[in-house]
Amino acid sequence: MMANRRELLIGIGASVLAVSTGRFARAAAPGSWVLYVSAADCRVCRAWEVDHKDAFARGLQKNGIGFRTVTVSSLRDVREDAAWPANLKWVRDSYPNMKGTPWFFVISGRSIEMAANSTDMWRTKLLPLAA
Amino acid sequence: MRPVRNILRSLLCIAVLGAAASWAEAGEPNPQSVVDNVVFELSSTPDGLTACLSTRRGAKLSGPYGVAVTALSAPAAWDEALPKTVAVEDDYFTLPLRVDLKRRYGVTELGRVQFEVGACQPEGMCIPVELAVDTATIAPASHTIPCSG
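Residue numbers (my numbering), protein chains in the order written: chain A, 1 to 131; chain B, 1001 to 1149.
Note that these hints are calculated values from the structure, not bench results. Treat the hints with care, since some could be wrong.
[To be verified] Below, a list of computed lysine-lysine pairs in the DSS-like style, where the Cα atoms sit at most 25 Å apart:
#	chain 1	residue 1	chain 2	residue 2
1	A	K53	A	K99
2	A	K89	A	K125
3	B	K1060	A	K53
4	B	K1060	A	K99
5	A	K89	A	K53
6	A	K99	A	K89
7	A	K99	B	K1102
8	A	K125	A	K99
9	A	K53	A	K125
Bound conformation, chain A alone (with noise of 0.2 Å):
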């Protein structure tokens, strides 16, 4: 009974595992890309673009992933229309609540397929794609 129990957490441990890759490898499908999004007022974007920024990208790179930049005036408004080039325009559009800053987003064709809003989350959910 026991190891029956062992046998299912072990099975469902590896379902999820499973499940988790195949996203990371459907984001990092070729022609993916991940929008960054930073305020130039951000502390937390700053130090992450001194600590993480080139190594994250050089990752992404090395996996056939592209990295793009949008850095607005002031985490007071990430919506800052001058500030998001119109053909990104439609990322921002998709997150009416967009808040603060960082952003980060894997984009794939025209759909985002994961969204962080930390530097916590960049590193759960988006530092695996440039491992």
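We have chain A already, so just place chain B on it with the hints.
What follows is chain B alone, placed relative to chain A:
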């Protein structure tokens, strides 16, 4: 003689207890409002209004973002131009942060004011945090100096 002395002693006790009670009441901290880990403690003073800002759970207040104070009504009631923003070049403010607003002489109705800060949360994100208050609901400052670390 003894009854008189007892009455005097009772009066003295009542006076001492009354003074202690009023001191304790005045010493109570003013009510705090906590929004997204930012603690706003507001007190009315003879000169106007004092805001004491601090944080919880390791949140920090962005220095370049600053603290913006806006009069949502009766802007002429204040002896300074509003909106005003207090900002510093450092990454984050040293907390607690005290912001004083002076009211115009003779004005009693101060209306509503709004405070806005950039709060950087421990999970690694910075968000704008706002608090709007009706100054009529703010308690007078206690005798203790507000906003001491």
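Hint by hint, here is what the structure shows:
| no. | hint | in the structure |
| --- | --- | --- |
| 1 | A:K53 - A:K99 | holds, 21 Å |
| 2 | A:K89 - A:K125 | holds, 23 Å |
| 3 | B:K1060 - A:K53 | holds, 22 Å |
| 4 | B:K1060 - A:K99 | holds, 17 Å |
| 5 | A:K89 - A:K53 | holds, 23 Å |
| 6 | A:K99 - A:K89 | holds, 15 Å |
| 7 | A:K99 - B:K1102 | violated, 32 Å |
| 8 | A:K125 - A:K99 | holds, 19 Å |
| 9 | A:K53 - A:K125 | holds, 15 Å |
When held up to the earlier numbered hints, the structure conflicts with hint 7 and nothing else.
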